[in-house]
Amino acid sequence: MSTILTVDDSSSIRMAIRIALSGAGHTVQEAGDGVQGLASAGNAKFDLIITDLNMPNMNGLEMIREIRKLPVQAGTPIIFLTTESDEGLKQQARAAGATGWLVKPFEPENLLRVVRKVLGQ
Amino acid sequence: MSGVGEGQDPVAAFRVEAADLLDGTEQALLDLTHDLGSRELIDTVFRGMHTLKGSGAMFGFDALAAFTHHCETAFDRVRKGLAPATQELVAVTLSAMDHMRALVEVQGQASGAGLAAAGIAAAGEAILAQLHAAIGDTAAPPPATTRDAATGNSDGGDAGEAQGGWRIAFRLPADAMANGTNPLILLDELRDLGEAEVVAQTGAIPPLDVLEAQECHLGWEVTLRGPATREAIEDVFIFVMDDMDLRLEPLTAAAPLAPPLPAAAQTPAETPAQTPADRPAQTPAQTLAETGPARAARATGESVRVPAERLDVLMDRVGELVIVQSRLAQLASGGINGPAGELALRSISEEVERLASELRDTTMVLRMVPIATLFGRFRRLVHDLARETGKVIELVTDGESTEIDKTVSERLADPIVHLIRNSCDHGLEPPEERVAAGKPAGGRLRLAAEQAGGEVLITIADDGRGIDRERVRAKAEANGLIQPGQVLADGELLQLIFQPGFSTAAQVTNLSGRGVGMDVVKRTIEALRGTIDVTSQPGRGSVMTLRIPLTLAIIEGLLVRVGEGKYVIPLAAVEECIELSLEDDIRSRGRSMIQLREQLVPFLRLRELFDTGTRPDAFQKIVVIATGGERVGLVVDQIIGSHQTVIKSMSCLHRGIPSFSGATILGDGGVALILDVVQLVALGQQQEERLRAAG
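Chain order of the listed sequences is A and B. Anchor point for the first sequence: position 14 equals 14 in full-length UniProt numbering, and the numbering is continuous, going up by one each time. Anchor point for the second sequence: position 456 equals 456 in full-length UniProt numbering, and the numbering is continuous, going up by one each time.
Note that these hints are calculated values from the structure, not bench results. Where is the CB? At the ideal position from N, CA and C, for every residue including glycine. Hints are supplied without guarantee of correctness; some may be wrong.
Reference listing, derived: stretches of chain A covered by chain B, where coverage requires no fewer than 3 residues with Cβ under 8 Å from a Cβ of chain B [to be verified]:
#1 7 to 14
#2 33 to 45
#3 99 to 106
#4 109 to 120
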């Protein structure tokens with residue numbers, strides 16, 4: 001299946017994402033903030049990146065902008081996690097190069113739906 | 001960091017994370033009281049709240065998420081410069097942190113706890129009212145973001161369903177592919193909705209010399225036959241909807257083909273088709289998110305966070321063990337032949353011994369946490385105590401990286417809270433009294449930890465007025481703990497404060513409670529096989545010293561034999577071993593005291609104490625043990641040697657027996673009881689007093 005990077009400063013959210021995705025047969029790599037996420041994205045090609053926006057050290061927006069400059073991740077779909085209250089952030093994330101979003105809190109099946117949708121599986 | 005014990009349960013992981021977030025945010029808030037303008041601290045607080053809210057809602061902590069939302073909003077306003085950070089705001093947010101802790105707790109309990117929940121809800125509303133007052137936000141609180149807010153709101157749109165199908169014309173923004181949208185996937189999704197005819201429009205492709213390979217200039221017209229709804233089609237495009245051109249027309253027999261789209265993906269607002277503003281407020285992703293709350297089981301298992309490199313070391317050791325095991329299997333199947341075979345066996349045995357000891361050390365370290373997590377809690381306590389008492393108190397900490405067993409750390413929290421309260425309440429003087437005594441107005445409380453051998457030393461020192469000996473004596477006499485006028489060494493006098501029911505506080509205050517305390521503190525520390533000592537200088541302050549063993553699970557012991565039974569004496573308590581000759585034994589009969597370098601030390605004959613019914617060995621030994629400055633000798637028949645002792649607790653039937661603290665299993669499969677040093681020393685002291693009283 002696919003190799004997916006999840007970037008979130010909340011370890012419980014990362015765990016929830018990992019459990020849902022690995023249950024569907026995907027390989028999941030985790031990063032705890034934007035800096036780590038960008039480093040991972042520079043090291044290996046991912047089929048999909050799922051990221052939080054509000055994180056310490058480097059926020060999700062900045063990370064998405066930087067990842068879009070990496071040739072290795074050309075065209076890699078990036079899904080960001082958002083709450084409805086950050087409507088403005090949502091616009092900014094799309095402008096930064098994000099592919100889609102998932103509203104928090106989410107159920108595992110919705111995460112999988114979005115992943116299937118973006119990966120076309 | 002990876003989790004041990006949190007396993008595959010994100011809810012348990014969230015609890016750990018929530019506790020960390022709350023602690024971290026609280027530290028930031030406390031720092032903020034000294035530096036109200038710090039953007040970095042305000043950001044840290046905001047982000048802590050944000051994560052707590054988001055993850056809380058994720059794992060069904062709805063009350064927590066709703067409550068935290070208000071605090072997050074408050075700090076968002078501060079962050080954006082719409083409201084100032086004030087001491088009042090920090091103070092009310094600190095009480096909000098306590099409330100959040102309660103909400104995390106309550107969520108885990110059975111639903112029967114409705115009454116408690118109602119009380120908590122009322123407390124929460126009071127805090128929110130203060131919060132809104134502090135932030136100068138008198139407007140009604142905005143609705144909290146919870147699952148509920150994401151539901152509803154699904155108005156069907158205008159032309160819900162078209163009987164025959166749809167004519168769909170769309171054009172993606174030029175950067176869609178670079179940003180991860182694959183048009184082929186979108187077309188596949190449309191095909192899933194019904195029978196589709198797809199026609200690509202190439203009219204907008206620019207000349208080759210200006211064509212960027214990554215850009216998307218194609219448009220598509222799709223004729224979709226079947227009962228698909230408008231929502232279903234829009235759902236296909238949810239992530240690109242706002243930036244793209246999309247026209248949807250119901251398919252009727254006579255409908256003309258939709259006119260080709262203009263090539264201007266850059267100016268979507270000019271197209272007569274739906275612009276972003278026309279879209280219903282509901283975003284499709286909300287539809288994705290709105291299924292009912294499926295809550296994972298809320299196990300409240302304990303967990304420890306372990307740096308990954310420690311697990312790597314453990315893994316290495318296990319790897320080595322597997323290798324040794326295969327060597328052993330090979331040797332066993334080949335038969336142990338001659339000296340070479342024996343040599344091989346001995347080498348394996350040595351290897352296993354080394355690995356066992358390394359595995360023990362590595363595994364023990366897994367349970368270790370820096371004491372900083374424990375000390376961190378006390379900053380808040382001291383902050384609150386200073387406010388309540390009107391004293392100025394500076395907390396200084398030292399040795400925060402000292403590591404300690406997680407269980408020990410948790411069990412130490414309450415006793416240390418009590419000691420800190422005591423220091424702040426009784427020890428440190430009010431500013432005016434300090435100034436009159438020629439001291440700085442602010443009191444100083446020092447909390448320090450260091451590792452010394454197999455123990456951790458924790459000291460709580462204040463520079464207050466010191467313990468008033470006369471009051472201690474008067475109180476002890478009044479309570480009948482000592483005889484009036486009884487001569488006591490200074491150390492003994494101070495130790496009286498640990499007696500049950502002893503309290504020197506002239507009046508019971510909020511802080512120091514009602515005289516339950518120091519004896520409970522002492523008992524708790526002793527239950528951890530630790531000791532507590534106090535020193536105090538009038539006018540200069542007091543120092544409480546806790547000595548706590550690094551771990552509860554394994555101790556170095558001295559294995560001895562008494563009669564036919566074997567016993568373990570914790571090596572940390574052993575001072576020395578001396579021989580008890582037959583003459584000395586007979587001479588000291590009835591007195592049971594031995595002269596040890598000008599000092600008389602009482603001793604206990606374990607053979608008699610345990611009623612073994614055996615005759616003493618010709619060369620008995622006395623093992624001198626000590627706790628907190630008191631010494632007692634234990635007469636044993638034989639000292640076997642030092643022994644790595646894995647402590648097993650006694651069965652519930654035997655737990656009440658005072659002389660033993662546990663049991664262990666010996667190499668030959670036999671059982672040895674572990675002697676309770678504190679109890680035996682106390683017993684020896686009692687015996688001495690009886691003898692003294694008698695003669």
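Hints, one by one, checked against the model:
1. 7 to 14: holds (count 5)
2. 33 to 45: violated (count 0)
3. 99 to 106: holds (count 8)
4. 109 to 120: holds (count 8)
Violated hints amount to a single one, hint 2; each of the other numbered hints is respected by the structure.
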